[in-house]
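Chemist: Could you slot chain B onto chain A? The hints should help.
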Amino acid sequence: MVFLKLAIKSLQNRAFATTLTVISIALSVALLLTVERAKRAAEEGFTQTISKTDLIVGARSGPLQLILYTVFNMGNATHNISYETYEKVRMNPAIDWTIPYSLGDGHRGFRVVGTNQDFFKYYHYRGDRKVTLAEGQEFNDLWDVVVGAEVARKLGYKLGDRVVVTHGVTKGEGILQHDDRPFKISGILEATGTPLDRAVYMSLQGMEALHIDWQDGSAPSPDKIVPHNKLSKETLPVQTITAFFVGAKSRIETLKLQREINTYKEEPLLAIIPGATLSELWNGLSYVEGVLRMISWMVVAVGFMAMLIALTTTLNERRREMAILRAVGAKSTQIVGLLVFESALLTAVGVLSGVVVSVGLVAALKPWIETEFGLYLVGPWFTRSELLYLAITLVGGTVIGLIPALRAQKLALKDGLSVRT
Amino acid sequence: MLKVLLLSLMALAHTEHGAHVHGTGKVSLAFDGKKGKLEFHAPTEAIYGFEHSAKSKKDKQKKEEGLGKLDAMAEMVVFDPALKCEVKKEIFEVIEQKNHSDVEAEYAINCEAPVAGSTVTFNFQKTYPRLKKVQVEVLADQVQKSLEVKKNGESLELK
Numbered sequence: 051m052v053f054l055k056l057a058i059k060s061l062q063n064r065a066f067a068t069t070l071t072v073i074s075i076a077l078s079v080a081l082l083l084t085v086e087r088a089k090r091a092a093e094e095g096f097t098q099t100i101s102k103t104d105l106i107v108g109a110r111s112g113p114l115q116l117i118l119y120t121v122f123n124m125g126n127a128t129h130n131i132s133y134e135t136y137e138k139v140r141m142n143p144a145i146d147w148t149i150p151y152s153l154g155d156g157h158r159g160f161r162v163v164g165t166n167q168d169f170f171k172y173y174h175y176r177g178d179r180k181v182t183l184a185e186g187q188e189f190n191d192l193w194d195v196v197v198g199a200e201v202a203r204k205l206g207y208k209l210g211d212r213v214v215v216t217h218g219v220t221k222g223e224g225i226l227q228h229d230d231r232p233f234k235i236s237g238i239l240e241a242t243g244t245p246l247d248r249a250v251y252m253s254l255q256g257m258e259a260l261h262i263d264w265q266d267g268s269a270p271s272p273d274k275i276v277p278h279n280k281l282s283k284e285t286l287p288v289q290t291i292t293a294f295f296v297g298a299k300s301r302i303e304t305l306k307l308q309r310e311i312n313t314y315k316e317e318p319l320l321a322i323i324p325g326a327t328l329s330e331l332w333n334g335l336s337y338v339e340g341v342l343r344m345i346s347w348m349v350v351a352v353g354f355m356a357m358l359i360a361l362t363t364t365l366n367e368r369r370r371e372m373a374i375l376r377a378v379g380a381k382s383t384q385i386v387g388l389l390v391f392e393s394a395l396l397t398a399v400g401v402l403s404g405v406v407v408s409v410g411l412v413a414a415l416k417p418w419i420e421t422e423f424g425l426y427l428v429g430p431w432f433t434r435s436e437l438l439y440l441a442i443t444l445v446g447g448t449v450i451g452l453i454p455a456l457r458a459q460k461l462a463l464k465d466g467l468s469v470r471t
Numbered sequence: 048m049l050k051v052l053l054l055s056l057m058a059l060a061h062t063e064h065g066a067h068v069h070g071t072g073k074v075s076l077a078f079d080g081k082k083g084k085l086e087f088h089a090p091t092e093a094i095y096g097f098e099h100s101a102k103s104k105k106d107k108q109k110k111e112e113g114l115g116k117l118d119a120m121a122e123m124v125v126f127d128p129a130l131k132c133e134v135k136k137e138i139f140e141v142i143e144q145k146n147h148s149d150v151e152a153e154y155a156i157n158c159e160a161p162v163a164g165s166t167v168t169f170n171f172q173k174t175y176p177r178l179k180k181v182q183v184e185v186l187a188d189q190v191q192k193s194l195e196v197k198k199n200g201e202s203l204e205l206k
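Protein chains in written order, with this note's numbering: chain A, 51 to 471; chain B, 48 to 206.
Just so you know, the hints here were simulated from the structure itself, not pulled from any lab data.
Fair warning: this is a prediction, and the values are worked out from it, not measured in the lab.
All C-beta atoms in this analysis are idealised placements derived from N, C-alpha and C, irrespective of residue type, glycine included.
Don't take every hint at face value.
Heads up, simulated DSS-like pairs for lysine-lysine below, C-alpha to C-alpha not over 30 Å straight-line [claimed, not checked]:
id	chain 1	residue 1	chain 2	residue 2
1	B	Lys110	A	Lys102
2	B	Lys179	B	Lys145
3	A	Lys171	A	Lys59
4	A	Lys102	B	Lys73
5	A	Lys171	A	Lys102
6	A	Lys299	B	Lys173
7	A	Lys306	B	Lys131
8	A	Lys138	B	Lys73
9	B	Lys104	A	Lys306
10	A	Lys171	B	Lys82
11	B	Lys105	B	Lys206
12	B	Lys135	A	Lys102
13	B	Lys180	A	Lys171
14	A	Lys299	B	Lys110
15	A	Lys102	B	Lys180
16	A	Lys102	B	Lys109
17	B	Lys198	B	Lys179
18	A	Lys102	B	Lys105
19	A	Lys299	B	Lys73
20	A	Lys102	B	Lys145
21	B	Lys206	B	Lys82
22	B	Lys116	A	Lys102
23	B	Lys136	B	Lys116
24	A	Lys55	B	Lys109
25	A	Lys381	A	Lys460
26	A	Lys138	A	Lys89
27	B	Lys105	A	Lys306
28	B	Lys116	B	Lys145
29	B	Lys81	A	Lys299
30	A	Lys102	A	Lys299
31	B	Lys81	B	Lys110
32	B	Lys145	B	Lys73
33	B	Lys179	A	Lys306
34	B	Lys180	B	Lys206
35	A	Lys315	B	Lys73
36	A	Lys59	A	Lys315
37	B	Lys73	B	Lys109
Residues from chain B that keep clear of chain A, each with C-beta distances beyond 12 Å, as calculated [to be verified]:
id	residue
38	Ala77
39	Phe78
40	Gly80
This is chain A alone, in the form it adopts within the complex (with noise of 0.2 Å):
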């Protein structure tokens, strides 16, 4: 107790480089603590850009390749699969929903996906959310599209704009345009906070419509072009799509499923399961987390450094305060004792002020970090080794504090007592 009274006492009596010094701690352990705290929330956010989806398919690649194409709007499939092959395979009794997906076009930078009314009907991310329109409807029409958050964002659309594609997906203006055949707005997708923000939805007769008298990869002569009013939902054919969605009846039957899907014969395909491949690519990502998890224990040491200069440089302040401890009794030891104990209690005050800080700026921010980074911030406040690390800094912190406390221990009585000149 009277240690606490001493060491609190002489702490108030330097209470602005304390201050300093508990700000400098609580920084360093909120930035460790926020760092952890983001690297599961990008996991989370990552892994679980899509759910509840049990595999996916398309033309026979690699599965990092298929996953990026799909999910992340990244990168473009080898081959195309025939709609046939997925009438074929979408038959098959284990199956309990698809979602076709036709890529290929785009918009101003952003992908034109081509897919039905199961899209908004069975995918999912994030556990059990699944696609909302913010304003609008569905893409009910042949030329109707349904557009992401970010691409209404960005590009200032709102419902009943007219939206040319570009042949291809390319970053600014395409170099074929579709501009004979507009498309209107129908509607606003909620933002998700994962690619599918960054993407133009219509239905897959839309993306047909665009090519149908296209011929071997070129725009049609003006003799031949289809005029728009003669196409219609009902009467476009779907010829080829670039990957499906599956959702299983039973996850055992998945198994079973992506077998007979890899070596399917009649056409060369691959099934992949998005959250195993989704969590080995993660893990690939696994150095990227060791050099922000170091990064942070930088900061930490930084910290537990500002705090030893604090104390040692006070101490020549406190030779007089040390010394007359001595004087009235207190031994060397207890002399090493109170300065440690100065230090584990600044380590203590600082660690739960940056535990503060650090929920404090999780939970303020949360709604504004999911939109707009894409993290996804659930599951505990801490986890084991987030607690580990909360205790190795204070038992660091505390440990430090013996460097100064030897110091002290060691200036001789007299020192602290004769007359200064």
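Modeler: Just chain B, lined up with the frame of chain A:
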């Protein structure tokens, strides 16, 4: 940043395992609540030391011994004891091709509690030391995870 990382990972795609890589196995686990299935795939070289067809008495004995250890899957894939899981071998097959041969085995798993949410530990190398790397994929209700097991005791949280 994520974009750059993902693109850099495109390069990793080239190191994907083919169907037959020496020392590398594959385990797929799927669970609907308490019931599950395990599929095991490995080159026979990792199971009994060679890939040619066993003709000599010594080879036949080695093959039998190696394949016999497939019964001990519960020691290689260890579930939380609280779940009281029973792993039973259903079928196994040695697929001999021109230059290579592989083992495929399927197991039925029955537990007393749902497996999703628990932790599974892997000890492949205890039984098959030549199995240096096992790619594990798990589908447990809504949980989908994967892990590359390189040493005994590695575990996967199904959360």
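Chemist: Does each hint fit the structure? Answer for all of them.
Modeler: A quick look at each hint next to the structure:
Restraint check: the Cα-Cα separation between lysine 110 of chain B and lysine 102 of chain A comes to about 41 Å, which exceeds 30 Å; the hinted pair is violated. Simply put, lysine 179 of chain B and lysine 145 of chain B have alpha-carbon atoms about 24 Å apart, close enough for the 30 Å limit, and the pair holds. At most 30 Å may separate the alpha-carbon atoms for a hinted pair to count; lysine 171 of chain A and lysine 59 of chain A exceed this at roughly 65 Å. Distance restraint check for lysine 102 of chain A and lysine 73 of chain B: the Cα-Cα separation of roughly 23 Å lies within the 30 Å cut-off, and the hinted pair is therefore satisfied.
The hinted pair formed by lysine 171 of chain A and lysine 102 of chain A meets the criterion: a straight-line CA distance of about 12 Å does not exceed 30 Å. In summary, the hint linking lysine 299 of chain A to lysine 173 of chain B is not supported, as the alpha carbons are separated by about 36 Å, beyond the 30 Å threshold. A threshold of 30 Å between alpha carbons decides the hint, and for lysine 306 of chain A with lysine 131 of chain B the separation of about 25 Å falls inside it, so the pair holds. At most 30 Å may separate the alpha-carbon atoms for a hinted pair to count; lysine 138 of chain A and lysine 73 of chain B meet this at roughly 28 Å.
With a C-alpha separation of about 36 Å, the suggested pairing of lysine 104 of chain B with lysine 306 of chain A is violated against the 30 Å cut-off. In summary, the hint linking lysine 171 of chain A to lysine 82 of chain B is supported, as the alpha carbons are separated by about 28 Å, within the 30 Å threshold. Pair hint lysine 105 of chain B plus lysine 206 of chain B does not hold up; C-alpha atoms about 46 Å apart against a cutoff of 30 Å. This hinted pair checks out: lysine 135 of chain B and lysine 102 of chain A have alpha carbons roughly 28 Å apart, not beyond 30 Å.
Distance hint between lysine 180 of chain B and lysine 171 of chain A is unfulfilled; the C-alpha atoms sit about 39 Å from each other, more than 30 Å. Taking the CA atoms of lysine 299 of chain A and lysine 110 of chain B, the gap is about 38 Å. The hint is violated against a cut of 30 Å. Proposed proximity of lysine 102 of chain A and lysine 180 of chain B is supported: the alpha carbons are some 28 Å apart, at most 30 Å. For the given pair, lysine 102 of chain A sits about 44 Å from lysine 109 of chain B by alpha-carbon distance, which is inconsistent with the 30 Å threshold.
Proposed proximity of lysine 198 of chain B and lysine 179 of chain B is supported: the alpha carbons are some 8 Å apart, at most 30 Å. Only pairs whose Cα atoms come within 30 Å are accepted, and lysine 102 of chain A paired with lysine 105 of chain B is rejected, the gap being roughly 50 Å. Taking the CA atoms of lysine 299 of chain A and lysine 73 of chain B, the gap is about 24 Å. The hint holds against a cut of 30 Å. Annotation: proposed proximity of lysine 102 of chain A to lysine 145 of chain B is violated, straight-line Cα distance about 40 Å (limit 30 Å).
Taking the CA atoms of lysine 206 of chain B and lysine 82 of chain B, the gap is near 17 Å; set against the 30 Å cutoff, the hint holds. Only pairs whose Cα atoms come within 30 Å are accepted, and lysine 116 of chain B paired with lysine 102 of chain A is rejected, the gap being roughly 36 Å. Of the supplied pair hints, the one linking lysine 136 of chain B and lysine 116 of chain B holds, its CA atoms being roughly 11 Å apart against a limit of 30 Å. Of the pairs offered as hints, the one joining lysine 55 of chain A and lysine 109 of chain B is violated, with about 75 Å between alpha carbons and a cut-off of 30 Å exceeded.
Simply put, lysine 381 of chain A and lysine 460 of chain A have alpha-carbon atoms about 12 Å apart, close enough for the 30 Å limit, and the pair holds. At most 30 Å may separate the alpha-carbon atoms for a hinted pair to count; lysine 138 of chain A and lysine 89 of chain A exceed this at roughly 42 Å. Of the pairs offered as hints, the one joining lysine 105 of chain B and lysine 306 of chain A is violated, with about 36 Å between alpha carbons and a cut-off of 30 Å exceeded. For the suggested pair lysine 116 of chain B and lysine 145 of chain B, the alpha carbons sit about 25 Å apart, so the restraint of at most 30 Å is met.
The straight-line distance between the Cα atoms of lysine 81 of chain B and lysine 299 of chain A is roughly 16 Å, inside the 30 Å bound, and the hint therefore holds. Only pairs whose Cα atoms come within 30 Å are accepted, and lysine 102 of chain A paired with lysine 299 of chain A is accepted, the gap being roughly 11 Å. A C-alpha spacing of about 33 Å is found between lysine 81 of chain B and lysine 110 of chain B, which places the hinted pair above 30 Å, so the restraint is violated. Between lysine 145 of chain B and lysine 73 of chain B the CA atoms are separated by roughly 21 Å; this keeps the pair inside 30 Å, and the hint holds.
Among the hinted pairs, lysine 179 of chain B with lysine 306 of chain A is consistent with the structure: their alpha-carbon atoms are about 26 Å apart, no more than 30 Å. Taking the CA atoms of lysine 180 of chain B and lysine 206 of chain B, the gap is about 23 Å. The hint holds against a cut of 30 Å. Straight-line distance between C-alpha atoms of lysine 315 of chain A and lysine 73 of chain B comes to about 23 Å, which keeps the hinted pair within the 30 Å bound. Between lysine 59 of chain A and lysine 315 of chain A, the direct Cα distance comes to roughly 82 Å. Violation of the 30 Å bound is thereby established for this hinted pair.
Using a Cα cut-off of 30 Å, the hinted pair lysine 73 of chain B and lysine 109 of chain B holds, with the two alpha carbons roughly 22 Å apart. At roughly 4 Å from the closest C-beta of chain A, the C-beta of alanine 77 of chain B falls inside 12 Å, breaking its exclusion from the interface. Residue-level check failed: phenylalanine 78 of chain B sits 6 Å from the nearest beta carbon of chain A, not beyond 12 Å. Separation of glycine 80 of chain B from chain A is inadequate, the least Cβ-Cβ distance of about 9 Å not exceeding the 12 Å criterion.
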